[in-house]
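In case you want the letters, here they are:
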Amino acid sequence: MAVKFRILVAKAGCDIHERGALTMIHVFRDAGMEVIYTGRYQSEANIARTAVAEDVDIIGVSDLTGGLPVICRKLLRELKGLEADIPVFCGGLMTEKDKEEMAAMGVAGTFDTGSTPDLCLVHVRNILETKCRSEGKAYGKDDNPGTA
Amino acid sequence: MGRMIIRELLERFDRRDWKVLGKAISIVENQEEGCWEILNHAWKTAQAECLVVGITGAGGAGKSTLIDKLIRICRDRDRTVGVLAVDPSSPYTGGAMLGDRVRMNAHSSDPGVYIRSFASRGSFGGISQGAKYALYLYKAFGFDVIFLESLGVGQAETDISCFVDVTTVILAPGNGDAIQLAKAGTQEIADIFVINKGDKPEAEMLRLQLMAEFAVVPEEYRPLIVKTTAKDGTGVEELTDCFSQVSRRLLPARRIKQQIRIENEIFTGAACFYEPQLRRYAKELTQEVLAGTATPFEAAIRLGSKILIKDQGGIYMQMREAIQSRKSIRGYLPEPVSKEVLEQVLELATRAVSAINMQPWEFAVVTGAPLDAIRQCNTEDLRNQVSVDIPEPEANGIYRDRRIEIAKQLFKAMDIKREDKERRNWWLERGFRFFEAPVLILVMADEEIDPLVSRLDIGCFTQNLCLAAMEYGLGTCVQTQAVMYQRGIREVLKLPESKRPVVGIALGYPEPEFPANKVVSCREKVENITSWTGFY
Amino acid sequence: MAENTVKMDRDKDGLVREETQSGIYVKPVFTPEDLADTDYTREIADPGNYPFTRGIYPKMYRDRLWLKAFLVSYDTPESTNAAFKSYMEQGMNDLRLTCDLPTQNGFDPDHPLAMASMFCGGISSYAINTYETMLEGLPLENVVYEGGFMNVLDAIYFHGLLVAMIENRGGDITRLLGTDIADPIRSKLVYGDPSWPTEVERRVLMDHIEYCLEHTPKWKPVVPNGIDPCQAGMNAIHELGEVIAVSTAIIDDFVKRGHTIDEFGPMVVAMDAESDFFESIAKFRAARRMWAKVAKERFHAKKASTMKLKIGIRTSGLSLQARKPLNNAARITIQTLAGVLGGVNSIDACSIDEALGLPSYEARMFTLDMQHILAHEADIPLAADPLGGSYYVEWLTNELEKQADTYLLEVEKRGGIYECLENGWLYQLMEEDRLRVQKEKAEGKRLIIGYNAYTGEEGTLNQAVGKAACTVPDEKVREERIAEVKAFRASRNQEAVKAAIRKLYLDTKNGKNISRAVIDGGKAGLTIGEVCGVVRLGYDLSYDSVNMIPTPDDVAAALKDIM
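Chains as they are written, first to last, in my numbering: chain A, 780 to 927; chain V, 35 to 570; chain B, 29 to 591.
These aren't lab readings, by the way, just hints derived from the structure by calculation.
Just so we're clear, the structure is a prediction, and the values are computed from it rather than from any experiment.
Beta carbons: idealized from backbone N, C-alpha and C, even for Gly.
Just to be clear, a hint being listed does not mean it is correct.
To be verified - Have a look at the derived ranges for each label pair, beta carbon to beta carbon:
1. 860/A / 304/V: 38 to 48 angstroms
2. 860/A / 434/B: 24 to 34 angstroms
3. 434/B / 304/V: 54 to 64 angstroms
4. 914/A / 242/V: 52 to 62 angstroms
5. 901/A / 58/B: 42 to 52 angstroms
6. 48/V / 914/A: 20 to 30 angstroms
7. 114/B / 914/A: 35 to 45 angstroms
Pulled out of the complex, with its shape left as it was, chain A reads as follows (with noise of 0.2 angstroms):
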């Protein structure tokens, strides 16, 4: 049986701003894959909760306030302390600064608003088919290429 991504969008702190991933959530959908959602308001203890109980292979965050180093450093810290090992990515109001950053702690993908949805898709599945190579497990053969 061909594996079902599992892919996590959340978004922390006070951003109130939805579009940007409601826009990705359906994005995913239409590629093929099972998201959920957090919904807003969410602590990045919560998020790391939430990943690892559903089990996801990677997680989004979404923030367009430039909030995303704070939120991702503390999300990543929080990850480690549940022992999981999920991917991270994040969209939204970043600089080339706020990029460098984020690259050195280890985030997986970082696509500010002038990424178009596709780019980010693309680079969503590179990650995780790379995952699943290195695990050995089948996927991809009910992935539908998505949009455009």
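Fit chains V and B to the supplied structure of chain A, relying on the hints for placement.
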């Protein structure tokens, strides 16, 4: 990190480490390696006292918000809670948005609550295969209360109601079809009807309508009807109390439900197991239908007989299929055949009929170096043009034609030209070498018994053996040729004088691509050789 | 090149759409025939005359230019204060006091969710001390303050602090000038604000309005907001309708309390200047006409001033692109111009680097300078409503009004705007609009320069803009903030705090107008978290809207015997 070893996972599971519960569920949901081990373990260690509540209803009725409030009340009463939330997968893309969690996520930091989302992945009726399996894990994990949230109101086959103790259907007033929903099918399964958005004026009317629907039903079978306003929590305490009330009332039904569940589990589990084969054979049989050798309906029935499932070394085959497809195998793989398998084959084969149960047959089964020695003897005898101990039978007329026909078929398949003497000799020699089969079964009869009797009975046995061998994926070739030279067999096997070799059966795993193995011999039509008397 | 770039042939690049941004089909040319049925005096009228299509003042900007404002926030109140002073010297005369996201949600800096979002979206201003520092040396009267908050209670708190400060300084609170958003629909619709049941917000809003009318008459206590719904997806027609519907609902509630619309005075709304130039202009004109009619026909306004709709706009943040940020200069200029030609009263124009980070000083200066150029170099404001009489613009104004009216009828049929909010229909509409736009972008039917069309490499100029954008302060500054709030709480006069908590709770419980209690609470040093929490307790809700922290011990102690 890599895959966790199942054993370690189960240990942590037993210690109630919630962090592995998610992983365990993924394994059973995807039916990955270790799946059955985990499920078997969960079944055996399941806690008895778990209340499983199913919450179903159309989208927008407020299920998730209601469950959020229900969780709160359970937690206030110090109960641990497990939640399975099922959402539909897109039939086109296969993806799913699992959004029920959003309304419950306030509880994700509570160690006494575990929530997991499931995509229906093509299942109907509200509960996915993965969620069903996960439910066993939840029960083993020992939550006090388990909520199963799903879309839809249940359909005949995959009814959510047999998987839960209490079936709750949520209705929202102002839909107009709320009453229709209540009628169609849910009438039988709902134990509790919840009218959410109870602050709306239409809610009361809906409640009265529902009560009228069930007025004729005797009170102890009547579903309870509760009004709630999930948004602010009104009526939710009352609902929670209803769960215990209903579950007590339904205690006798529990056992029946359990039986239905187990039956379902076996049935659907088998269906899952067989599915890949069913698909494959359906594809093959499609070609036959297109070629005109079967109708789709005949093919469907034959499909069933084609199913093979491996069960620790045994292969089960349908009789019709076996008889139909038995053929003489003249090319084998070098793979040896185990004594245990041969014993089982022989056990089966000796169920053959024999005159007044005299069972005149005895066997010498030989393999390895001794068999090669016999082969060597036969080869020498052939090359030295020793005359055979048992002559080849004569044939005339139609029988001669049939012999020539099969010979032609074989020669064509093996690319042996009539003029090619050398190759023809090689083929002849090959026969004396039992087609290089790894095993030879020599069937003997005692001199005591009348050869005419024993010959018939041994014939029956031989056919039985060929069929029995197919059970185990073995091919056979019945050869009188095997006993034409007796020097080799007598010397190597040290046969007593009183035992007469009647026939030899070459046996082994067929080499699939060996040309002669693909030859299908024909049979005379029954109508040409039968006279029917007394039939109208 | 971006993956889904639309391949354009530069030699024959034609238009890819025939409709406005919200889907209204536009003919290639408009003629007098398109206005044959429009009566100038009745429908359009001169500026300053009912129904105010052409503007609410006869000479519009000739007498007074539009207010220029933007968000100013830096990590400390001190640096914010310095920035305010500096900008005001450069011509900014409207102070935007938006607080950061946690504060907007009613969370103090030490709330578990505050850390991730501190300093995002505004200043971390949790109590009167921060405001005092921030506004030190600035005139509290005669400067227009605008507060942007999530919900009504935040607005009351903010307003209350300003009142408190003026009283503390011995000033005249009737001269407090400004607005706060306090729109109960927008916070629920766009933000799904978990804090308050809508009924509570509606009630508290009325209290706030009544208090302001009586004590701070120059303060507009509510500004129906179309900006956030628009940014969340609503198209121009729905935004227009929504703003009118919310305004109507508020006056409805107000009138039910026994007042008249004339007591309320003119309505102020906040709208968005979106990418579509003419549609935005028409939208503002239609808004004024529609509200004037509602005020007169539905609410029987007697005074002409009551029927005037004041419009404050923000240029579309959504339209800004992170790639090739120099292009944003064109965008904000065009959108600002749309506001000016649409006759709005205040403009909050974005900065060109807002899609990259927090605006840099220079970017802000450009935004101001751009407006000065429009006013003084391009001579745009010389004549009022210069596009009045244009066949296209008048037709589009009519069309927008027509479609918005249809939408409003639908809203009425479904039980009114609050009902539509509660049952999710409004949200559905917004989502549909949003998805439609997304689809158009993906299909190349809506071109975004630099994103899905005409993409190219960024050069040094563009990169420099990106580099100059500011990042939000990191953990260290946030930790300091948390320590500060804790220290502040400990430093207060505990008796005064206790009394203030009790009064606020009791006033809430007894259904009184809580504005006074909030002001006194502010003076005593109650933080935003405490004010929101205590009022929530008064309404039998949990202290914390997201249920992450329990009622703090000192609050519980203060209310022990009366709760």
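Each hint, compared with the structure:
1. 860/A / 304/V: 38 to 48 angstroms: holds, 43 angstroms
2. 860/A / 434/B: 24 to 34 angstroms: violated, 55 angstroms
3. 434/B / 304/V: 54 to 64 angstroms: holds, 58 angstroms
4. 914/A / 242/V: 52 to 62 angstroms: holds, 57 angstroms
5. 901/A / 58/B: 42 to 52 angstroms: At 45 angstroms between Cβs, range holds.
6. 48/V / 914/A: 20 to 30 angstroms: holds, 24 angstroms
7. 114/B / 914/A: 35 to 45 angstroms: At roughly 57 angstroms between Cβ atoms, residue 914/A and residue 114/B fall outside 35 to 45 angstroms, so the hint is violated.
Hints 2, 7 from the earlier list are contradicted by this structure; the remaining hints agree with it.
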